[in-house]
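**Q** Starting from the known structure of chain A, fit chain B onto it as the hints suggest.
As they're listed, the protein sequences go chains A and B.
Here the first sequence is numbered in our numbering, starting from 1 and rising by one per residue.
Here the second sequence is numbered in our numbering, starting from 1 and rising by one per residue.
Fair warning: there could be bad hints in the mix.
As the list makes no split between identical chains, a pair holds if one copy fits it or if it spans any two.
DSS-like mimics (lysine-lysine), calculated; alpha carbons at most 25 angstroms apart, straight line [stated by the list, open to error]:
hint : residue 1 : residue 2
1    : K508      : K331
2    : K331      : K225
3    : K504      : K490
4    : K180      : K554
5    : K462      : K508
The set of hints was computed from the structure by calculation and includes no laboratory data.
Number of protein chains: 2
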Amino acid sequence: MPQYKAPLRDINFVLKNVLNANEHFASLAGREEVSEDLLDAILSEGAKFSENVLSPLNQVGDQEGCVWSEGGVKTPTGFKEAYQQFAEGGWPSMTADARFGGQGLPNSLGLVVTEMVSSACWAWGMYTGLSQSAARLLENYASEDLQNEYLPKMTDGTWGGTMCLTEPHCGSDLGILRTKAEANADGSYNVTGTKIFISGGEHDMMENIIHLVLARIDGAPAGTKGISLFLVPKFLPDADNNIGERNGVSCGSIEHKMGIKASATCVMNFDGAKGFLVGEENRGLQAMFHMMNSARLGTALQGLSAGEASFQGALEYARERLQMRSLSGPKNPEGPADPLIVHPDVRRMLLTQKALAEGSRAFIYWVAQLVDTFYFSGDEQARKDAEELSELLTPIAKAFVTETGLESANYGMQVFGGHGYISEWGMEQIVRDLRISTLYEGTTGIQALDLLGRKVMGTGGKQLMVFTKIIHKFCEENASNPELEPFISKLAELNKEWGEVTMKLGEKAMQNPDEVGAASVDYLMYSGYISLAYMWARMAAAAADGAADDEFLKAKLQTAKFYYDRLLPRTESHKLSMLNGADSLMEMPEEAFAF
Amino acid sequence: MPQYKAPLRDINFVLKNVLNANEHFASLAGREEVSEDLLDAILSEGAKFSENVLSPLNQVGDQEGCVWSEGGVKTPTGFKEAYQQFAEGGWPSMTADARFGGQGLPNSLGLVVTEMVSSACWAWGMYTGLSQSAARLLENYASEDLQNEYLPKMTDGTWGGTMCLTEPHCGSDLGILRTKAEANADGSYNVTGTKIFISGGEHDMMENIIHLVLARIDGAPAGTKGISLFLVPKFLPDADNNIGERNGVSCGSIEHKMGIKASATCVMNFDGAKGFLVGEENRGLQAMFHMMNSARLGTALQGLSAGEASFQGALEYARERLQMRSLSGPKNPEGPADPLIVHPDVRRMLLTQKALAEGSRAFIYWVAQLVDTFYFSGDEQARKDAEELSELLTPIAKAFVTETGLESANYGMQVFGGHGYISEWGMEQIVRDLRISTLYEGTTGIQALDLLGRKVMGTGGKQLMVFTKIIHKFCEENASNPELEPFISKLAELNKEWGEVTMKLGEKAMQNPDEVGAASVDYLMYSGYISLAYMWARMAAAAADGAADDEFLKAKLQTAKFYYDRLLPRTESHKLSMLNGADSLMEMPEEAFAF
Chain A
1 MPQYKAPLRD
11 INFVLKNVLN
21 ANEHFASLAG
31 REEVSEDLLD
41 AILSEGAKFS
51 ENVLSPLNQV
61 GDQEGCVWSE
71 GGVKTPTGFK
81 EAYQQFAEGG
91 WPSMTADARF
101 GGQGLPNSLG
111 LVVTEMVSSA
121 CWAWGMYTGL
131 SQSAARLLEN
141 YASEDLQNEY
151 LPKMTDGTWG
161 GTMCLTEPHC
171 GSDLGILRTK
181 AEANADGSYN
191 VTGTKIFISG
201 GEHDMMENII
211 HLVLARIDGA
221 PAGTKGISLF
231 LVPKFLPDAD
241 NNIGERNGVS
251 CGSIEHKMGI
261 KASATCVMNF
271 DGAKGFLVGE
281 ENRGLQAMFH
291 MMNSARLGTA
301 LQGLSAGEAS
311 FQGALEYARE
321 RLQMRSLSGP
331 KNPEGPADPL
341 IVHPDVRRML
351 LTQKALAEGS
361 RAFIYWVAQL
371 VDTFYFSGDE
381 QARKDAEELS
391 ELLTPIAKAF
401 VTETGLESAN
411 YGMQVFGGHG
421 YISEWGMEQI
431 VRDLRISTLY
441 EGTTGIQALD
451 LLGRKVMGTG
461 GKQLMVFTKI
471 IHKFCEENAS
481 NPELEPFISK
491 LAELNKEWGE
501 VTMKLGEKAM
511 QNPDEVGAAS
521 VDYLMYSGYI
531 SLAYMWARMA
541 AAAADGAADD
551 EFLKAKLQTA
561 KFYYDRLLPR
571 TESHKLSMLN
581 GADSLMEMPE
591 EAFAF
Chain B
1 MPQYKAPLRD
11 INFVLKNVLN
21 ANEHFASLAG
31 REEVSEDLLD
41 AILSEGAKFS
51 ENVLSPLNQV
61 GDQEGCVWSE
71 GGVKTPTGFK
81 EAYQQFAEGG
91 WPSMTADARF
101 GGQGLPNSLG
111 LVVTEMVSSA
121 CWAWGMYTGL
131 SQSAARLLEN
141 YASEDLQNEY
151 LPKMTDGTWG
161 GTMCLTEPHC
171 GSDLGILRTK
181 AEANADGSYN
191 VTGTKIFISG
201 GEHDMMENII
211 HLVLARIDGA
221 PAGTKGISLF
231 LVPKFLPDAD
241 NNIGERNGVS
251 CGSIEHKMGI
261 KASATCVMNF
271 DGAKGFLVGE
281 ENRGLQAMFH
291 MMNSARLGTA
301 LQGLSAGEAS
311 FQGALEYARE
321 RLQMRSLSGP
331 KNPEGPADPL
341 IVHPDVRRML
351 LTQKALAEGS
361 RAFIYWVAQL
371 VDTFYFSGDE
381 QARKDAEELS
391 ELLTPIAKAF
401 VTETGLESAN
411 YGMQVFGGHG
421 YISEWGMEQI
431 VRDLRISTLY
441 EGTTGIQALD
451 LLGRKVMGTG
461 GKQLMVFTKI
471 IHKFCEENAS
481 NPELEPFISK
491 LAELNKEWGE
501 VTMKLGEKAM
511 QNPDEVGAAS
521 VDYLMYSGYI
531 SLAYMWARMA
541 AAAADGAADD
551 EFLKAKLQTA
561 KFYYDRLLPR
571 TESHKLSMLN
581 GADSLMEMPE
591 EAFAF
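Next comes chain A alone, as it looks inside the complex (with noise of 0.2 angstroms):
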């Protein structure tokens, strides 16, 4: 199993010379007050937390899986010590409102702990990365009422949440999801359902569990606008907030699945359970979108984080293994072969990853600022840009950097040979855990019509426009420095052409709606490369002015022209595959697929 080691220099670099942080902290009103020093003791202790209590884990976690029994989820061995060092450490409140006992810092450096979190032991962080988004929702959309009796208890970690909305019928379509909610008379809800693939839904690391539900209340009307968002606790607070009643909901069995084992992932019966209303009648999925896009951050996060932990064991791997000799000459005379980091395929291999996880950290932090921004900047320009941003950007993180991530992911596996597939070297524990990622918090393909069919066509080509104007404007300002010569104008070519290509997709869905499903994942492909790109221009030129001397920074600008020599050409078949069009997708009739 790799021993995860937390890459700082990486995280800092991005950081602090690329997204320029400190800035960014300071123009975030209420969340102002992060000195270097308080991201530097962070950083820090986030690192030794996940090397040194989580890395180790993650092996067991996957060998011993979750155990379900009527009494409960027992999770593996040594999860609920950590957890209980972790809630010690005051992680859960990191970026929770002061009002309930949080420490009220930016979600994007939350998210640079998640990351390290996520690549140490993903499975466990599942359990907390959801608490969290649960209490961010009651945050944003709960009544004062149910705030002060469920937030200070999610906050400093005793409790943690859940989302429900999944149903053995629907999983993409809520429209037609069935659980009801039937009103009391105290302004309660009893609900009724069965909600599946409901992770975390039941375990035995914290007190309660919140779970928030989406159901329909009685006489709502059909479709996406009669949903509903309720709180359901496990166990009801007494008049203390402490735990009392046991509430009607229960978790039936739990799921065999190929990886993520730790992660308990429920079928959770809901028998007129005791609900509280979250927000407004019918408004439900908005407020659930709220969850569902820091979910979609976070799963993002999944494919840069076990990309990151696949690179570094193949890294590691590569150094040692001697086989075979270099093609242009011994390269380890004295040994019985050269180790394989001197063969290039490995190296386009272990590159690809670098490449991969670097740009997508990057990227991710800079949606996660872009998040911040629209929650927190007093600008309301900046918001209302940050926001059409974040919105444009959400998709192509989740399902770009986890298809990406992917590809990582097996490339790790790849670069071990057949030892790649035996269990203990932990590479293809990676793989299984991380294929979830393409799945969950909606599929690639749902990000895709998200992306090309709302966030683009849906606003005429405007959210677009506001990423491709960013691109223009910094092209134009580094198009002078003959560092970057070579990325600015594959960047600025690119940038044009994804106009051409967003114009033509446009013309041909006018005449048949069925061209932007046709067309919307290799949309969204060809959309993350550019994106990446984008990012490893960026990089690139924050690095550009100390490499001559620094070894570290050398390898950002050779890393950049392997992003664009060997990665950035995939664009080139997107496109011609995309622009190909609907008709060779939809002419076959459903008889015919097989004989």
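**A** Then chain B, alone, in the frame of chain A:
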């Protein structure tokens, strides 16, 4: 778990309409007696056995896995019984030499049965597939005495076989292997060493296991020129060729791995085990390459068969699962939602699976015919051409079909959404089982070096030209058919480009040998897409005539169009990436990969 259904209509189409199997069989000396009736009987019996006996074992095999004890390895419930049925049905003898009781049928026909077996339960098929490969090697390389002693029982399936290459410190790099062989006075050898990753090294399905072991005779030259091949049986035969004394070979443990859990992957300890030289001293690799080539084509088949199984599962689900409305209006207005298959992106995934499975089937069957021709044709020139072409195409088939098969299997999961991740559905098992295929029998990187370094550059492009000439001729012959025009013009263009790209890489490689490794995997994938484009054009040509009245043939043309529109553009990115050369791979010093 998807219930496998053999795609007999497509298998028949490829054999009869595309590859003229009857003519082909008639051209093989001693293998010509395959009547249409016999062919049909074999296909239908093979389908029945695979569907009814093997398919139900697939999930059981994954859940139970193999169990090791001092006494041996227990295979999952039903594996042994299924093998008894297989042996009683005469299947192990199908392609074996008549001298030892075999039916002497062509290997290309055996491969069709293997495809069905593999789709139904790959892990089970590994025991029989490797056993048959071992028998074929002995038929070609062992002394008459050894053949008479071992082949009758290997032919009737009483005994099985393995190939023992890998050692803990060497996988791809066989030149550094350490297993030793000391000559005894009676002409036998004592073999000592440890082999790992030995599939079927120990199990309870057959009475005896005949290991084919690479080892170094005392005093042999270093490197690959000092490796010999030995037959080392688990039980030494007695004077009547029944099993006698236990030999000094034992299974020390089995590996825990990502998938193919029902296939025992063994650590084999040879402790002065009695072995018998197969073929000449120090020429062991040449003989083993025989087995490895057939194992490579067999592994290509794994990509196809898993892709087919995944396609079948995904298609069924896409027809039944109701989720969301079609963007172009409801297609199932009476129901709560439309079936998944109406959505363009779901169709894109299904058609990708279909186009890859059917294209790969035609491709692998064709390569298998070439191998037949090389072994059994009476026409010397035909044999020589077939040898060159099959050598060129084997690494393409192995790496391209497994890599794209993995993409296909992942799409199969993706169509299921979150359910794809749940073990019960069986879709994730297909991905886990298949994942080994790009690793064993030579990784994708090794295949790519074999293709570009040895087969293409190593023959000055001669082997490639055998193929490009065939494609050129095909394009000329079909240029005037308007129905085929879109395929032919694109294929001809790419065929020309293939030669040009190869020339450019050759020039670069003269300056820097690392250019070969740097381009190799992109080159292999590029070659694979063109190879499949050729197969799809041949299928379109075979289908064009009758397509007006036959839905199956019409679907062939539609799938060909899909392949050309949506998958073939991938050549473009691979071309651009590889032509950007080795610099961005080789410049970074090893220390700078991470800080």
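**Q** Would you mind marking each hint as holding or not holding in the structure?
**A** To see whether the hints hold, each was checked on the structure:
1. K508 / K331: Between copies only: 21 angstroms across, 55 angstroms inside.
2. K331 / K225: Between copies, since 22 angstroms is at most 25 angstroms while 66 angstroms is not.
3. K504 / K490: Classified as both; 21 angstroms inside a copy, 23 angstroms across copies.
4. K180 / K554: Neither way: K180 and K554 sit 59 angstroms apart in one copy and 48 angstroms across, limit 25 angstroms.
5. K462 / K508: within (18 angstroms within a copy, 45 angstroms between copies)
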